[in-house]
Amino acid sequence: MRYDKNALVLMTSAAALSLGMVGQAQADTLEDTRERGEVRCGVSDGLPGFSAPDDEGNWQGIDVDVCRAVAAAVLGDSEAVSYTSLTAQERFTALQSGEVDVLSRNTTWTTTRDTTLGLNFTGVTFYDGQGFLISKDLGISSAKELDGASVCVQSGTTTELNLADYFDANDMEFNPIVFDTSEQTVGGFESGRCDVLTSDTSQLAALRIQLDDPESAEVLPEVISKEPLGPVVRQGDDTWFNIVKWSLFAMLNAEEYGVNSENVDDMLDSENPSIARLLGEDGNYGEEMGLEADWAYNIIDQVGNYAESYDRNVGMDSPLEIERGVNRLWTDGGIHYAPPIR
Amino acid sequence: MIHNREMLPSQPAPRRSIGPFAWLKANLFSGPVNTLVTLAGLYLLYWLLTPTIQWAFIEADWQGASPDDCTSAGACWVFVNARLDQFIYGLYPSEETWRINIVFALFTALIAWLAIPRLPYKRWIAIITLFVFPVIAYVLMHGGYFGLPRVSTQRWGGLTLTLVLAVVGMVAALPIGVILALGRRSTMPIIRSVCVIFIEFWRGAPLITILFMASVMLPLFMPTGVDIDRLIRALVGITLFQSAYMAEVVRGGLQAIPNGQDEAAAALGMSYWKRMGLIVLPQALKMMIPGIVNTFISLFKDTTLVMIIGLFDLLGIVQAALSDSRWLGFDVEGYVFTAFVFWIFCFSMSRYSQYLERRLHTGH
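In order, the protein sequences belong to chains A and B.
For the first sequence, the numbering used here gives the first residue as 10, with consecutive numbering after it.
For the second sequence, the numbering used here gives the first residue as 7, with consecutive numbering after it.
Extracted from the complex, chain A is given alone in its bound form:
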């Protein structure tokens, strides 16, 4: 998502790779994690709906739920996570140097990051993309009508570049008004310095509810960039890679089969072979991964399926109220599609 091309991070990471210091680091993460009794997870230093501490000091968010799912699968306890808050600049180093074992920090999956950093993306937790927030008074219903608009945007982010690309590609003029922080950006939008505000759609929701009158603004349907956000692990430890990958798939499959944290105990007796395989009643898919047979049961019981996590953290049950949109399952018209467990 934001801070996409951080040259320094890439440079240091490349330097480290050439020195051969990462990659082979701690080849048996699973064993180390069991020994330590907790999953070391890198999260953000506060991002609404993705990872932020709640009033009691517990981490909450859709990114945090990935960490909890991995802990439930590996250790049978979703609370056995030690969280490290990481800034955008230091996130990859922390993973490469072995300070954390999973990075679940609102990180966009791109070619460079996947191929040059010695890291692997395990899947997509949230399909994000850059969108526009606009005042309803303007009576505009599509981003194509934005010719000549002044646009509030946060500086130093890929958001700025995407914005320029989009207006160029559609042969439109625009006047960027650049701010340093998100509060200032909201302030600029609210005081009418710009007609439209642009950011990732997940952020737009958080910005919108900071307006004095959230109802006066709406998000346009166009999404002008692809920002698939997902968990990242180190290269060279395929067992661990598989565990993190399938922890997310288990949550998606559970939603597809209608298994949630409420009914998971009843579902243990289900006749449906897919559910029986998911919950470890049939076959030994957990053992093949190096886990217990009830790995997915633990995830669903303690964390919930994908829909529960989404609704609780960013969806309709949260203050952010982000529509599922493309984040629906493929069966409901979205693009989340988990391979079958068999």
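These are computed hints drawn from the structure, not numbers from a lab.
Fair warning: there could be bad hints in the mix.
These stretches of chain A come out as covered by chain B in the derived footprint (C-beta under 8 Å, 3 or more residues) [stated by the list, open to error]:
#1 91–98
#2 212–225
#3 324–332
Note that the Cβ used here is the ideal one computed from N, Cα and C, for glycine as well.
Use these hints to put chain B onto chain A, whose structure you have.
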């Protein structure tokens, strides 16, 4: 010739030269220009203060637990109220916060003992504060000994972390700074150049760069499996940075002591360390108090920079709390609270240093 045999009884001052009105006239309304300036100033104060007081007190919400309790137009202190524990203890487990309280209480008691002139055994208390207390504090806060559950430093935060960073930085930097300053004034070329290079290197780099190097670059140069705690990395960075500044403050103090003092001590046959320890440093340190406190205060505020390496100091935890989707949009309250806490600490330090200066003012 008229003369009195007795002294005239003293008269009270003329009524027009004492009392609040006279003071007002002398200081605020002594001429047309001053009167105008005073009135303009009063209006400015009124213009600034009324809405502030209105916002911060009269129309503010104090009680409650959720954003829904903020119904009036003013500040929503409910946010600070609901999160106060977190702002003080960070993400430290709530059932273990008594450990931090003990450390706070012990620290306050020790410092108070050292600060109040009448109390005896200063030397022993100082030794305990410098050498025994850090061990006790570490054991209590980190745990893992004597059946105390371990609380990793990732969960330290809030005001606690700010104080840990500032106090460790200050206490560790002072002796290193003194040694560096003495080294820089040394006549031995190797010692002098080592000290000069150290000081100029650390003083030449911004603290934010040092923290960034410690958190992002350093782990890459470590052998596999060696994982230095990020708080330790930050602490070492801050201490080295601070000691370079401290060295320059100390050097300033040393240079203010006339050479005659040192020469006279040498003439008495004192060794280098005796001359420094008994004659030069005691006089120099007294003169350096404003400078030392100044660097302490700036260090205290600089600790907020650890935010960029993902440590939750007071400011960091407030910002993290602001990104909880339940509490979006209470930025002003959060920042005002943070500023207030920082102001209290910095102001107290500054007052104490003024008191210390007066008390130690025994010189020429």
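Tested hints:
| no. | hint | in the structure |
| --- | --- | --- |
| 1 | 91–98 | holds (count 7) |
| 2 | 212–225 | holds (count 3) |
| 3 | 324–332 | holds (count 3) |
Taken one by one, the earlier hints all hold for this structure without exception.
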